[in-house]
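2 protein chains.
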Amino acid sequence: MTRTRGRPRRNPGSPTGLGSEQDILHAAGELFVTKGFGRTSTRAIAEGAGLQQASVYHWFSSKDEILLRLVLGTVIPSHRIADRLLESDAPGHVLLWALAYADARLLHEDPQNLGVLYFEPALDGDHFSEFHEVRDSLHEAYRVLLERTTGERATDVDVAMVVGLVENVITYRRRTRSPIPDDTPARVADAALTLARVPDLLTDETRARGTEILAALDPPGPGSVD
Amino acid sequence: MTRTRGRPRRNPGSPTGLGSEQDILHAAGELFVTKGFGRTSTRAIAEGAGLQQASVYHWFSSKDEILLRLVLGTVIPSHRIADRLLESDAPGHVLLWALAYADARLLHEDPQNLGVLYFEPALDGDHFSEFHEVRDSLHEAYRVLLERTTGERATDVDVAMVVGLVENVITYRRRTRSPIPDDTPARVADAALTLARVPDLLTDETRARGTEILAALDPPGPGSVD
Numbered sequence: 001m002t003r004t005r006g007r008p009r010r011n012p013g014s015p016t017g018l019g020s021e022q023d024i025l026h027a028a029g030e031l032f033v034t035k036g037f038g039r040t041s042t043r044a045i046a047e048g049a050g051l052q053q054a055s056v057y058h059w060f061s062s063k064d065e066i067l068l069r070l071v072l073g074t075v076i077p078s079h080r081i082a083d084r085l086l087e088s089d090a091p092g093h094v095l096l097w098a099l100a101y102a103d104a105r106l107l108h109e110d111p112q113n114l115g116v117l118y119f120e121p122a123l124d125g126d127h128f129s130e131f132h133e134v135r136d137s138l139h140e141a142y143r144v145l146l147e148r149t150t151g152e153r154a155t156d157v158d159v160a161m162v163v164g165l166v167e168n169v170i171t172y173r174r175r176t177r178s179p180i181p182d183d184t185p186a187r188v189a190d191a192a193l194t195l196a197r198v199p200d201l202l203t204d205e206t207r208a209r210g211t212e213i214l215a216a217l218d219p220p221g222p223g224s225v226d
Numbered sequence: 001m002t003r004t005r006g007r008p009r010r011n012p013g014s015p016t017g018l019g020s021e022q023d024i025l026h027a028a029g030e031l032f033v034t035k036g037f038g039r040t041s042t043r044a045i046a047e048g049a050g051l052q053q054a055s056v057y058h059w060f061s062s063k064d065e066i067l068l069r070l071v072l073g074t075v076i077p078s079h080r081i082a083d084r085l086l087e088s089d090a091p092g093h094v095l096l097w098a099l100a101y102a103d104a105r106l107l108h109e110d111p112q113n114l115g116v117l118y119f120e121p122a123l124d125g126d127h128f129s130e131f132h133e134v135r136d137s138l139h140e141a142y143r144v145l146l147e148r149t150t151g152e153r154a155t156d157v158d159v160a161m162v163v164g165l166v167e168n169v170i171t172y173r174r175r176t177r178s179p180i181p182d183d184t185p186a187r188v189a190d191a192a193l194t195l196a197r198v199p200d201l202l203t204d205e206t207r208a209r210g211t212e213i214l215a216a217l218d219p220p221g222p223g224s225v226d
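Top line first, the protein sequences correspond to chains A and B.
Counting from 1, position 121 in the first sequence corresponds to residue 121 in my numbering; the numbering is continuous, with no gaps.
Counting from 1, position 127 in the second sequence corresponds to residue 127 in my numbering; the numbering is continuous, with no gaps.
Be a bit skeptical, because a hint or two may be false.
Copies of the same chain are indistinguishable here, so a pair counts whether it falls within one copy or spans any two.
[What the hints assert, rightly or not] List time: in silico SDA-like cross-link candidates among lysine to any residue, alpha-carbon distance up to 20 Å: (1) Lys35 to Ser129; (2) Lys35 to His132; (3) Lys35 to Pro111; (4) Lys35 to Pro91; (5) Lys35 to Asp126; (6) Lys35 to Pro121; (7) Lys63 to Gly38; (8) Lys63 to Arg39; (9) Lys63 to Leu123; (10) Lys63 to Ser129; (11) Lys35 to Ser62; (12) Lys63 to Pro121; (13) Lys35 to Leu68; (14) Lys35 to Arg177; (15) Lys35 to Lys63; (16) Lys35 to Ala122.
Just so you know, these hints were derived from the structure itself, not from any lab.
Since this is a predicted model, take the numbers as computed values, not measurements.
Modelling step: build the complete structure from the supplied sequences, incorporating the hints.
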């Protein structure tokens, strides 16, 4: 268990075992998703994290900053994977399958399904431009890989539909009380190639190569996906 | 302009021109979508509608009831269309195309994009079971038409992906500041057939028959789509 830095804690020990900053993010994520961003006070976040309210302000300047960190956490890992896939000289369809699979898997595995926060009106504010930039850049990677796959120009609607299939993991989880099927990420990646209208390229070999390329990317340490 | 029933109005005239009940729904929709459900007071709704707060309680027992009416309005029209399509003996793929097209078109044309409220945590409460039942029943119609199209059993993930393509209209509108392309509903309906893996059935004839069937359903009067 990591020892806390900063202000004195109300309760000994960190609920997440990862220190105050992560405790705050975890408690805030839980409250934002179950009660709503607008109905969550900094005081409630502090209580959820087992901290004094002053400690929350030691780590984050505002509730907006906490929300920003949470939504950035839903796109940065996929964006990093996308950046590395774009450098690969593997065939476009293998890379598109790999990106859709990795991105859908991250959304599937997020314990709090924080993607539901994409619909929070506060995200329209200027504080959140970094989130929108990373997300747009991730979607641009889908466009590039879609074009490499089909050899044709991809329209905004083409890209939106592939992105929509992937982000639908968030909605599907939100809609379904019970856990969604484990094969959802692979099915989503298959559907991305189906939508790209390259049925002949949707093979076990494509899936195997995509999985292999992702395994070679996974750095050991925090943030990697097992 | 419809004259108002009920309590006296603070301002003469109805902002929507449709009377107090619609004024309340319109003002609440605007506030829920732009500020968030949790941060909207009944007082603010009354002000937006140009009414006294007491008038809001004359029409709706609570903010939850207003939210229920708003989200029901996003699924009931499509659900009615689905019910009638299910009775048709036209081929499954024509009906699936028609349902996806009509549903996507309604989501596309909703001036407030109220589907973003699907992510409001309050919808988990018992008050909202009617909404979940109608929405589930709409999704069941997709399952039936998907199975008629392919002749095979559709899994939950199959259905979720087709539904996800359609509901992605909400997310796509939310993500894009400018209006999304006008051909989005038709592209979504095409994509539903592509996902069903019946490329040979995705023809101009399918689209023409689907459009014709929908035109024959449209009842004249309020709620019909031109």
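- Message: Within a copy, between copies, both or neither: which one fits Lys63 and Ser129 at a CA-CA cutoff of 20 Å?
- Response: So Lys63 and Ser129 pass the 20 Å test inside one copy only (16 Å; across, 31 Å).
- Task: If the cutoff is 20 Å on CA atoms, where do Lys35 and Leu68 land: within, between, both or neither? Let me know, please.
- Result: both (17 Å within a copy, 17 Å between copies)
- Message: Reference check for the pair Lys35 and Pro91, CA-CA at most 20 Å: within, between, both, or neither?
- Response: neither (44 Å within a copy, 44 Å between copies)
- Query: What label fits Lys63 with Gly38 when the C-alpha limit is 20 Å: within, between, both, or neither?
  - Reply: both (10 Å within a copy, 15 Å between copies)
- For Lys35 vs Pro121, is the C-alpha pair at or below 20 Å within one copy, between two copies, both, or neither? both (15 Å within a copy, 6 Å between copies)
- Query: Given identical chains, is Lys35 near Arg177, meaning Cα to Cα at most 20 Å, within a copy, between copies, both, or neither?
  - Reply: within (16 Å within a copy, 27 Å between copies)
- Message: Reference check for the pair Lys35 and Ala122, CA-CA at most 20 Å: within, between, both, or neither?
- Response: both (15 Å within a copy, 7 Å between copies)
- For Lys35 vs Ser129, is the C-alpha pair at or below 20 Å within one copy, between two copies, both, or neither? between (24 Å within a copy, 18 Å between copies)
- With identical chains treated as interchangeable, where does the CA-CA distance between Lys35 and Asp126 reach 20 Å or less: within a copy, between copies, both, or neither? between (24 Å within a copy, 15 Å between copies)
- Task: Could you figure out if Lys63 and Leu123 sit no more than 20 Å apart (CA to CA) within one copy, between two copies, both or neither?
- Result: Cα proximity of Lys63 and Leu123: one copy only (12 Å, versus 23 Å across).
- Quick one: Lys63 to Arg39, C-alpha cut-off 20 Å, is that within a copy, between copies, both, or neither? Cα proximity of Lys63 and Arg39: in one copy and across copies (11 Å, 14 Å).
- Message: My question is about Lys63 and Pro121: at a cut-off of 20 Å on alpha-carbon distance, are they close within one copy, between copies, both, or neither?
- Response: both (14 Å within a copy, 18 Å between copies)
Checked against the numbered hints given earlier, this structure breaks only hint 4.
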